[in-house]
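Residue strings, one per chain:
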Amino acid sequence: MSKKTKRIFQLGILNDNPVFRQILGICSALAVTNLMINSLVMGIGLIFVTALSSFTVSVLRKHTPRHIRMMVQTLIISAYVIIVDIVLKAYYPSMSDALGPYVGLIITNCIIMGRCESYAQNNPPSLAFLDGIASGLGYTFVLLLIAFFRELLGFGSIFGITVMGAWWPRWIFMIMPPGAFFMLGILIWVMNSLVPSEEKETSVAGGAN
Amino acid sequence: MENVNPFVILFASIFTSNMILANFLGMCSFIAVSKEIKTSLGLGQAVTFVLTGTTIINYLVYHHVLVPFGLEYLRFIVFIITIAAFVQLVEMVVERYLPNLYYSLGIFLPLITVNCAILGVSLFMVIRDYTFIQSVAFGFGSGLGWLLAILAMSGIRQKIKKAPIPKGLEGAGITLFITGLMALAFIGFSGIVQIQ
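Chains A and B are the protein sequences, given in the same order. Heads up: the first sequence begins at 1 in the UniProt record's numbering, then just goes up one per residue. Heads up: the second sequence begins at 1 in the UniProt record's numbering, then just goes up one per residue.
Isolated chain A (complex conformation) (with noise of 0.2 Å):
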């Protein structure tokens, strides 16, 4: 793996995580994260959507007019989605129906239009994918930390395996909207504290040149 591929992965993943470091996309990771496996699919069909959207912005950048470039870029995204949504439905309807509209809200996912507008807008297509592929990573990283804890403290089990025992009070609060808001609020502040901002490594950077 080269330099510049590992720096593409760390940022997405870590340094500039999109969910709690740009509060990004935070809407549908509050709301399918309170199961592992839909945070599993939902996160799958983001990175399937984020890797070959950034993808195609990026081959057809210096064919597009700038001033309707965003609406190219919906239109681009709203086709991966389509494909996502109609796959789900044929192969696996159930998680269709439990992931309910926010399927089609990967459309307006602003991780997406975020990695399109600011990185494949201007990079060649190959490093637009892997930069796709790692936001969708560091998204899916996120969801299923707090999914991880929200199951296990609501349902006690993981991906629908009881690991608490009948000794567990079902915490059903986990399950709850208000949940959700309180787990990604302790992780950003979690997250806050240990790693470092991206900001602050380059101006430290820039002194050190």
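One should not assume that every hint holds.
[Unchecked claim] Pairs of lysine to any residue, SDA-like flavour, derived with a Cα cap of 25 Å: (1) B:Lys35 with B:Ile127; (2) B:Lys159 with B:Leu148; (3) A:Lys89 with B:Ile127; (4) B:Lys35 with B:Gly168; (5) B:Lys38 with B:Ile127; (6) B:Lys159 with A:Val59; (7) B:Lys167 with B:Ala32; (8) B:Lys35 with B:Gly155; (9) B:Lys35 with A:Leu187; (10) B:Lys162 with A:Lys89; (11) A:Lys89 with B:Gln88; (12) B:Lys167 with A:Met191; (13) B:Lys38 with B:Glu95; (14) B:Lys161 with A:Thr162; (15) B:Lys167 with A:Lys89; (16) B:Lys161 with B:Phe86; (17) B:Lys159 with A:Ser94; (18) B:Lys162 with A:Leu187; (19) B:Lys159 with B:Ser104; (20) B:Lys161 with A:Lys89; (21) B:Lys35 with B:Leu184.
[What the hints assert, rightly or not] Derived DEER-like restraints, expressed as beta-carbon distance ranges: (22) B:Pro68 with A:Pro125: 35 to 41 Å; (23) B:Leu60 with A:Arg7: 47 to 53 Å; (24) A:His67 with B:Tyr97: 22 to 28 Å; (25) A:Ala79 with B:Pro164: 36 to 42 Å; (26) A:Ile44 with B:Pro68: 32 to 38 Å; (27) B:Leu41 with A:Ser118: 25 to 31 Å.
In case anyone wonders, no lab produced these hints; they're calculated from the structure. C-beta atoms are modelled at their ideal positions from N, C-alpha and C, and glycine is treated no differently.
Using the hints provided, position chain B relative to the given structure of chain A.
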């Protein structure tokens, strides 16, 4: 969903099924814009207006164009185009007639296009099989609920501006905690009416 009174839907979408506090939609702008009461009020009004308008247009387009031609799977693209066009129109009108509001909203007006609450309401409307009147009530109620939540949040945030908050919790972190508390409070309404 044929037999639910539109007023029940209107009430439920404001309180028990609030777009932000129960469905987590429109969170990005909710967190980013809720620093000041004035801008939140402007954005909340814009969201209510756009939500009501786009729900009506999307209902008509879905049931009178997409369903007859069997093109339901295209609804994501069609809905987002409707929303984008509608927002563009509103932006031009606001810029022309309410320049002050236009400058205070700045970047956030075009961002309404990618506010998931707008697309979410249209998708919920399709999933729940609402009739026309029910959809209008749902769209308008969801907008009001969004406005209510962001106004309450900006009020709280202005009050706690000088409070000593741990470093890592500033901004988004504390906002999420307050949202969680607000969601807890709103759960109290869920005994009255519920729509799912």
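Hint check results:
no. : hint                              : in the structure
1   : B:Lys35 with B:Ile127             : violated (34 Å)
2   : B:Lys159 with B:Leu148            : holds (17 Å)
3   : A:Lys89 with B:Ile127             : holds (14 Å)
4   : B:Lys35 with B:Gly168             : holds (18 Å)
5   : B:Lys38 with B:Ile127             : violated (35 Å)
6   : B:Lys159 with A:Val59             : violated (48 Å)
7   : B:Lys167 with B:Ala32             : holds (18 Å)
8   : B:Lys35 with B:Gly155             : holds (8 Å)
9   : B:Lys35 with A:Leu187             : holds (22 Å)
10  : B:Lys162 with A:Lys89             : violated (50 Å)
11  : A:Lys89 with B:Gln88              : violated (33 Å)
12  : B:Lys167 with A:Met191            : holds (12 Å)
13  : B:Lys38 with B:Glu95              : holds (18 Å)
14  : B:Lys161 with A:Thr162            : violated (44 Å)
15  : B:Lys167 with A:Lys89             : violated (44 Å)
16  : B:Lys161 with B:Phe86             : violated (36 Å)
17  : B:Lys159 with A:Ser94             : violated (45 Å)
18  : B:Lys162 with A:Leu187            : holds (23 Å)
19  : B:Lys159 with B:Ser104            : holds (21 Å)
20  : B:Lys161 with A:Lys89             : violated (47 Å)
21  : B:Lys35 with B:Leu184             : holds (21 Å)
22  : B:Pro68 with A:Pro125: 35 to 41 Å : holds (39 Å)
23  : B:Leu60 with A:Arg7: 47 to 53 Å   : holds (49 Å)
24  : A:His67 with B:Tyr97: 22 to 28 Å  : holds (23 Å)
25  : A:Ala79 with B:Pro164: 36 to 42 Å : violated (49 Å)
26  : A:Ile44 with B:Pro68: 32 to 38 Å  : holds (34 Å)
27  : B:Leu41 with A:Ser118: 25 to 31 Å : holds (30 Å)
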